[in-house]
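Enquirer: What follows is the residue order along each chain.
There are 2 protein chains.
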Amino acid sequence: MKIVQIGHAGHCGYAYPGIKSHAIEFTGLSAGSAGLETEGIIEFAESLKKRGFEPKIYSDWKEMLDTEKPDIAIVDPWYNDHGKISLYALEHGINVFCDKPAATDFETLEKIQRCDKAIFAAMFDARTNPAFKAAKKAIKEGRIGKVRMMDSRKSYKLGKRPAFYSSRETYCGILPWVAIHAIDWMKWLSGEHYTDLTGAAISRLDNGDNGDMDITSAAQFLMTNDVIATVTADMYRPMSAPTHGDDRVRVVGTKGVVEVTDGKATLITDPDGVIELENEPAGDIFEDFLARLSGETNHLTKESCIESTFWALKADERARERFEK
Amino acid sequence: MKIVQIGHAGHCGYAYPGIKSHAIEFTGLSAGSAGLETEGIIEFAESLKKRGFEPKIYSDWKEMLDTEKPDIAIVDPWYNDHGKISLYALEHGINVFCDKPAATDFETLEKIQRCDKAIFAAMFDARTNPAFKAAKKAIKEGRIGKVRMMDSRKSYKLGKRPAFYSSRETYCGILPWVAIHAIDWMKWLSGEHYTDLTGAAISRLDNGDNGDMDITSAAQFLMTNDVIATVTADMYRPMSAPTHGDDRVRVVGTKGVVEVTDGKATLITDPDGVIELENEPAGDIFEDFLARLSGETNHLTKESCIESTFWALKADERARERFEK
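Keeping their order, the protein sequence lines are chains A and B.
Heads up: the first sequence begins at 1 in the working numbering, then just goes up one per residue.
Heads up: the second sequence begins at 1 in the working numbering, then just goes up one per residue.
Hint data in this document are derived by calculation from the structure and do not stem from the laboratory.
Hints should not be assumed to be uniformly reliable.
It does not matter which identical chain is meant; a pair holds if it fits inside one copy or across any two.
Simulated crosslink set (BS3-like; lysine-lysine; CA at most 30 Å straight-line) [to be verified]:
{"#": "1", "residue 1": "LYS111", "residue 2": "LYS50"}
{"#": "2", "residue 1": "LYS157", "residue 2": "LYS264"}
{"#": "3", "residue 1": "LYS157", "residue 2": "LYS56"}
{"#": "4", "residue 1": "LYS117", "residue 2": "LYS84"}
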């Protein structure tokens with residue numbers, strides 16, 4: 001099998017252990033729309049050498065896909081280019097392992113949905129997290145009864161964000177980039193599906209001089225079976241906090257509550273009270289993707305990635321209304 | 001000073017230590033609109049005896065107010081009667097210590113707002129909580145910089161709810177009864193004011209056979225200075241959980257985050273990382289109310305109680321739209 005990579009703006013690294021262990025040929029690396037220099041592709045290629053990868057460098061991603069005709073493309077350009085590049089690859093029969101969101105406009109998202117020439121997955125990595133997997137297991141075993149409400153938190157350290165975060169032309173916003181993880185994990189944890197957006201908000205004030213970048217956000221949804229799902233996402237986590245991201249979820253059921261905080265899952269049920277659940281083994285989303293290519297599993301389906309992206313875009317669209325009045 | 005009480009559906013008990021310590025005469029007890037028997041007033045009067053109070057029992061609250069002409073009325077009938085009774089008392093120059101919400105319709109709320117014949121306060125007790133006070137102190141001292149986002153949780157044990165919770169005719173719903181606490185404390189903690197409701201949802205499924213009672217809810221607001229404020233409230237806390245209510249708030253600022261969980265306040269700032277704050281001494285909202293009567297303080301003003309009630313009612317109105325289509 002042959003793999004290529006377009007851009008390195010996000011989480012391309014998820015693929016590297018699997019590329020190694022499956023001896024996949026890593027034959028090409030290209031820039032997205034912004035170009036080799038702006039995206040720091042040459043320097044990035046140097047860092048890949050240390051991992052034992054020496055892909056040929058292309059300045060044009062289309063030329064690379066047409067020339068290399070790889071089995072898989074890792075799609076990790078500036079986020080607003082995810083959709084366009086994924087769609088081109090899929091239409092040329094190339095399987096796509098793309099960072100989230102799957103696209104940043106509804107039209108491209110729908111085209112990706114419809115294209116069945118190749119396999120598509122977006123990088124929803126919480127599904128591999130040991131504590132989230134422990135929560136999922138408890139829910140699946142019926143320990144909290146029926147799921148009724150969920151609330152999630154994503155809080156990141158701001159650090160030094162690349163310049164492309166400063167403009168809506170190149171950055172998709174905090175709801176499709178950060179909150180989308182929670183939108184996906186709440187669907188995955190509960191087995192429910194989104195039916196309505198009931199609220200969304202973003203703010204860009206005091207964003208560390210990052211132009212139009214959102215720094216706080218909230219979104220609220222209804223799901224099948226009358227489940228309420230909410231998320232807040234922000235980039236104000238202090239640098240000295242113990243972890244980069246403060247990922248939390250609470251799932252409230254008819255018979256109990258399961259909650260993930262600080263990498264641990266806790267369950268409250270009657271009559272046992274509060275117990276800490278044992279973490280599950282970590283998963284690997286790239287391995288799941290490879291398994292899909294060989295027809296082995298049905299994890300992280302395109303439909304599921306598209307649904308999470310769709311509702312993140314809906315939330316962003318609603319939240320942006322106030323800036324566009 | 002003379003005090004009377006109407007109903008005992010909620011948190012009338014907040015007043016009793018102050019009635020004792022200030023030697024206020026507790027001269028009358030009446031039912032609200034539902035009547036002596038339905039409201040269990042006779043049995044309740046027995047329980048008051050054990051506290052050393054022997055008020056005269058009235059079946060009609062108006063007659064009691066007109067006869068006793070008290071300085072203060074504790075207004076604690078079924079929640080949908082709060083507004084009507086408070087307004088009558090205020091218009092007759094009687095100071096009102098009322099459970100929240102201040103009213104359950106906008107018209108009565110506005111009349112209470114306009115009436116300046118007596119002092120009004122609603123029972124927003126989180127303002128007296130040692131951990132919430134510690135968080136407030138940290139915010140006031142500037143330790144988290146400017147407040148930018150807040151998220152809150154209210155989760156109660158369902159237990160056995162009185163029958164009046166089953167109907168919208170008598171119960172105001174979870175947003176004005178439960179989430180309102182968080183709506184108030186986020187305003188109090190931040191010093192900001194609500195400017196817009198950006199989302200609200202309630203659900204009544206699987207509510208333990210309590211008729212039309214809401215069991216889950218979420219609301220989302222914008223505040224002055226572009227602060228986003230969210231709350232979820234539910235009644236699914238398992239009976240074996242360590243506390244009746246799981247009250248939480250996280251306040252995210254430009255320089256740090258303060259969070260109240262399990263009765264403790266935690267601060268994260270640079271460069272110190274995570275530290276636990278020392279709890280402040282517990283307050284007493286009835287004492288604050290008495291201090292307002294003697295002109296000593298400006299705590300828990302009518303305007304503030306009205307604002308919290310107004311936005312809780314707005315959220316409820318929005319959330320109910322889906323049931324009324």
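Enquirer: Give me the numbers of the hints this structure contradicts, sorted from smallest to largest.
Expert: Numbers 1, 3 - these are the hints that the structure violates, sorted from lowest upward.
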